[in-house]
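Enquirer: If you're matching them up, the sequences are chains Y and R in order.
Residue numbers for the first sequence follow the numbering used here, so the first one is 1 and each next one is one higher.
Residue numbers for the second sequence follow the numbering used here, so the first one is 1001 and each next one is one higher.
Possibly wrong hints are sitting among the right ones.
[To be verified] Listed next, the in silico DMTMM-like pairs over lysine to aspartate or glutamate satisfying Cα-Cα at most 25 Å (straight line):
#	chain 1	residue 1	chain 2	residue 2
1	R	Lys1268	Y	Glu15
2	Y	Lys87	Y	Glu124
3	R	Lys1192	Y	Asp10
4	Y	Lys81	Y	Glu34
5	Y	Lys54	R	Glu1191
6	Y	Lys54	R	Glu1164
7	R	Lys1209	Y	Glu15
8	Y	Lys27	Y	Asp45
9	Y	Lys72	R	Asp1146
10	R	Lys1108	R	Asp1175
11	Y	Lys54	R	Glu1024
12	R	Lys1209	Y	Glu58
13	Y	Lys2	R	Asp1167
14	Y	Lys87	Y	Glu63
15	Y	Lys54	R	Asp1146
16	Y	Lys54	R	Asp1175
17	R	Lys1126	R	Glu1086
18	R	Lys1066	R	Glu1056
19	Y	Lys72	R	Asp1171
20	Y	Lys44	R	Glu1272
21	R	Lys1209	Y	Glu59
22	Y	Lys72	R	Asp1167
23	Y	Lys44	R	Asp1212
24	R	Lys1123	R	Asp1105
These are calculated hints, taken from the structure and not from any lab test.
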Amino acid sequence: MKIIISNSSDEPIYEQISRQIKEMIIKGELEEGEILPSIRGLAKDLQISVITTKRAYEELEREGFIETVPGKGSFVAMQNKELMKEKKLKIIEEKLAEIVRESKMLGIGYEEIADMLKILFEEE
Amino acid sequence: MLEVINLTKNFGNFKLDNVSFKLEPGYIMGFIGPNGAGKSTTIKLIMNLLKKDSGEIRIFGKDHIKHEKEIKDRIGFVYDESFFYEDLSINQMKNIIAPFYSRWDNKKFDQYIKEFNLDPHQKIKKLSKGMKMKFSLALALSHNADLIIMDEPTSGLDPVFRREVLDILYDVIQDEGKSIFFSTHITTDLEKIADYITFINNGKIVFSKPKDEILETYGIVKGDNSLLDTDTRKEFIGLRVTKVGFEGLTDNPQKFRRKFGDSIIIEKPTLEDIMVYSVRSERL
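The shape of chain R in the complex, shown without the other chains:
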C-alpha cells in the first residue's frame, strides 16, 4: 500500500536519514515523534511536495513520481496548514478541488459537511482552525480514496471531535482494502486505533512495529535509588532520578524483574512514555 525505502533528504542543518517503513492494506499506521523529528518532511516527500535526495517511495506498488497523477487520485490528503483560498466559501473551494478527482462523491461531501456542522457558504478565512481541519477531512474522505494520509489531523481539535474523527477513521477501515497513515503527537488517539506505530526521532526511524508488540515489549521500572549502580543505569533507554526514587524505560523488563524481584515496580508504558524517554536519552 505504502512503502518507503531508505528515504534520505539533507537540508544541511537537518537530515532525514535512511527512513524505511511499510504499511499493508487494511491497517492504520501512526507516525510519531517530537517536533522537528522529520514527520512533516517525510509526509511532504511521500506527497512529492519536496524532492527527495535518494531512496524509494512506492504507493499502491508504483513509483510515487512516475505515477503521481493516478496515485494522488486515490489518496485523501489532510495537511496541517491550510492551503485554501481564504476569500472563497467552503462550497466554492470544493468546486475547485472536486474536478481533480475521478471518483469524487458530492453526496458524501455534503453528508460530512452536515455531520461536521459546517456552513457551506461560509468564507474560509472566517473558519476556526478546527473547522478548517474538518473541511480538509471532508475533502479527503469524499473521493473514495484507498489511502488516507494526514499530517497532524487531530492537533487543533477538542477531545470530543477527536473521538468523532477516530470513529470516522474506523469507518474507513471497515473496508479491508483501505489504509490510513497519520502523523500526530497526541499519542492517546493512537493508543486506541493504530495497528502500527512508526517512531521517528532526529531524522531516523527508531522503530516501526505493531503497536501491541511495542506496548508488550517495553516497561517502566520504578524503585529506590539505592538499586541504581552504573551497570543498572546502562540497562535503561531513558532514566529519571529524583530525591525520592527513580523511574526508567526499558525494553527488557523481565531482566529487571529477575534481578530485583519485588523491590521494584514495573508498569506498562504508554506510547508517550516511550517517546519521551527515548527522546530524552538521545539528548543526554
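This is chain Y alone, in the form it adopts within the complex:
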C-alpha cells in the first residue's frame, strides 16, 4: 500500500489519506478483506497525529469502504458490485464535467468533443 501526503497541500491530511485509500479500493489495488495498517502504525509511518489517521479511517468507514473490528483492525469492506460501478462512473463523470466546462470556455462544441473521444477510444 502506498500513501503519500503533502504538508503544503490545501487538502486536509485526513482527506488525502482517505482519498488515496478509496482510490486503491475502487481500482482494485486493495482487495476485499485485505487488512489495512493500524491507525497508530500509520500515524507513526506518516509522522502525523493519531487523531488525523483516525479521522481518515472513520470517513472511509462511514462511506462503507472499510470495516473496523475492535481488537482486530480495519479491513477493506465487501463491496457492492453495483455501488462500485456507480462510484467508478462517478469518477469519470466528474472528469467529463471538467472537460465540458473547459470546452465551453474555449468555444469547442459537443460534436468536436464527441469525435475526439471516439478517436481516442479506438486508438487505446
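Fit chain R to the known structure of chain Y by using the hints.
Expert: Relative to chain Y, chain R alone:
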C-alpha cells in the same frame, strides 16, 4: 487519563489562573506558550512539586495528592532541569531511582542507553545537556509508565535526535492505553505528532483543542495596507503592518475572503504563527 480543573496558583507577581484541560488515553498533548506563561508551573503542580491554591488535578481518575504514590509509579517524568547527583555515574544513579518503581524494566533501560549512545559508567557531571536529557528519557521510559509527562524534553537537543525522540514517542502510543503530555516551545515537533494542543499565555489557557481543528480554524491574511480600516483591524487576533503590506492572524478567514475576494492572500498558519500573533496582541 489527566484532568486539570480550575487550577489556580498565585505567586503575587504571577498568577496561574483557572487552568483547565483534559487528556484522554491514547493521545499526545502538546503544551505550548512563551517563556513565563506558566507551563513549568502547571507541570510542577501536576507532579505535586508545588502546592496548588485551588482547583483539582486528577490522574488515572484519582486525586493526584491522595493517591500520589500509586500515580507516580505509573508516570514517566522528564524534567528540564537535572535533578541527579552529579558525582554518580549513569548506572549508579539508575540504581537509586529504579527501586521506586514497581514495574521497573532493566532490560529496557539498558536497551535505551545503548540506543542513545550513552556510557553507563560515565559520571553525570561529565554529560552534556543533550546527554542528560537522553538519560532522563531512558529513565522515564523504562518503568512501563502509562502517562509520560515531559517539561521541554526536546529543547537542548539537535534536530536529528529530536526526530528520534518523536519516533520513540510514536512507539509509546502504539499502545492505545498510554498518553503523553509535554511542554515545548519548539512547535514544529508538535505539528507532526500532537493530537491536542493546549496553549497557555500569561497564566491563562487560550485554547485546548485538537491540533487539526486549530490549524483548520485559523488563517494568516496578507494584503495591501489600503484594505485596512478600523473595523478590519479589529477582526485580527494579531496584526503586523509594514510599509509594503500587512500580515495578520484571524480565526475567521472565510469572512476576509468574502469581504476582500482575491485581493488578499490567505495562508495556513503554523502553530508558531498562532502563538506569536496571540502573544503579541496581548502585549499591545
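Enquirer: All hints, please: hold or fail.
Expert: Taking the hints in turn, this is what the structure says about them:
Distance hint between Lys1268 (chain R) and Glu15 (chain Y) is fulfilled; the C-alpha atoms sit about 16 Å from each other, no more than 25 Å. Note on Lys87 (chain Y) and Glu124 (chain Y): the hinted pairing holds, with a Cα-Cα distance of about 23 Å set against a maximum of 25 Å. In summary, the hint linking Lys1192 (chain R) to Asp10 (chain Y) is supported, as the alpha carbons are separated by about 17 Å, within the 25 Å threshold. The suggested pairing of Lys81 (chain Y) with Glu34 (chain Y) holds, with an alpha-carbon distance near 17 Å, which does not exceed 25 Å.
The straight-line distance between the Cα atoms of Lys54 (chain Y) and Glu1191 (chain R) is roughly 17 Å, inside the 25 Å bound, and the hint therefore holds. Our distance criterion of 25 Å between C-alpha atoms is met by Lys54 (chain Y) and Glu1164 (chain R), whose separation comes to about 23 Å. Simply put, Lys1209 (chain R) and Glu15 (chain Y) have alpha-carbon atoms about 20 Å apart, close enough for the 25 Å limit, and the pair holds. Between Lys27 (chain Y) and Asp45 (chain Y) the CA atoms are separated by roughly 24 Å; this keeps the pair inside 25 Å, and the hint holds.
A C-alpha spacing of about 22 Å is found between Lys72 (chain Y) and Asp1146 (chain R), which places the hinted pair at or below 25 Å, so the restraint holds. With a C-alpha separation of about 16 Å, the suggested pairing of Lys1108 (chain R) with Asp1175 (chain R) holds against the 25 Å cut-off. For the hint linking Lys54 (chain Y) to Glu1024 (chain R), the alpha-carbon distance of about 14 Å falls within 25 Å, and the restraint holds. Restraint check for Lys1209 (chain R) and Glu58 (chain Y): the C-alpha separation of about 19 Å stays at or below 25 Å, so the hint holds.
Restraint check for Lys2 (chain Y) and Asp1167 (chain R): satisfied, since their Cα atoms lie roughly 20 Å apart, inside the 25 Å limit. Under the criterion of a C-alpha separation no larger than 25 Å, the hint pairing Lys87 (chain Y) with Glu63 (chain Y) is consistent with the structure, at around 11 Å. Proximity of Lys54 (chain Y) to Asp1146 (chain R) is assessed by CA-CA distance (about 21 Å); at most 25 Å being required, the pair is judged to hold. Using a Cα cut-off of 25 Å, the hinted pair Lys54 (chain Y) and Asp1175 (chain R) holds, with the two alpha carbons roughly 15 Å apart.
Taking the CA atoms of Lys1126 (chain R) and Glu1086 (chain R), the gap is near 8 Å; set against the 25 Å cutoff, the hint holds. For the proposed pair Lys1066 (chain R) and Glu1056 (chain R), the alpha carbon gap of about 12 Å is at most 25 Å, so the pair holds. A hinted pair counts as satisfied when its Cα atoms are at most 25 Å apart, and Lys72 (chain Y) with Asp1171 (chain R) qualifies at roughly 19 Å. The suggested pairing of Lys44 (chain Y) with Glu1272 (chain R) holds, with an alpha-carbon distance near 23 Å, which does not exceed 25 Å.
The suggested pairing of Lys1209 (chain R) with Glu59 (chain Y) holds, with an alpha-carbon distance near 20 Å, which does not exceed 25 Å. Note on Lys72 (chain Y) and Asp1167 (chain R): the hinted pairing holds, with a Cα-Cα distance of about 24 Å set against a maximum of 25 Å. With a C-alpha separation of about 16 Å, the suggested pairing of Lys44 (chain Y) with Asp1212 (chain R) holds against the 25 Å cut-off. Distance restraint check for Lys1123 (chain R) and Asp1105 (chain R): the Cα-Cα separation of roughly 22 Å lies within the 25 Å cut-off, and the hinted pair is therefore satisfied.
No hint from the list above goes unmet by this structure.
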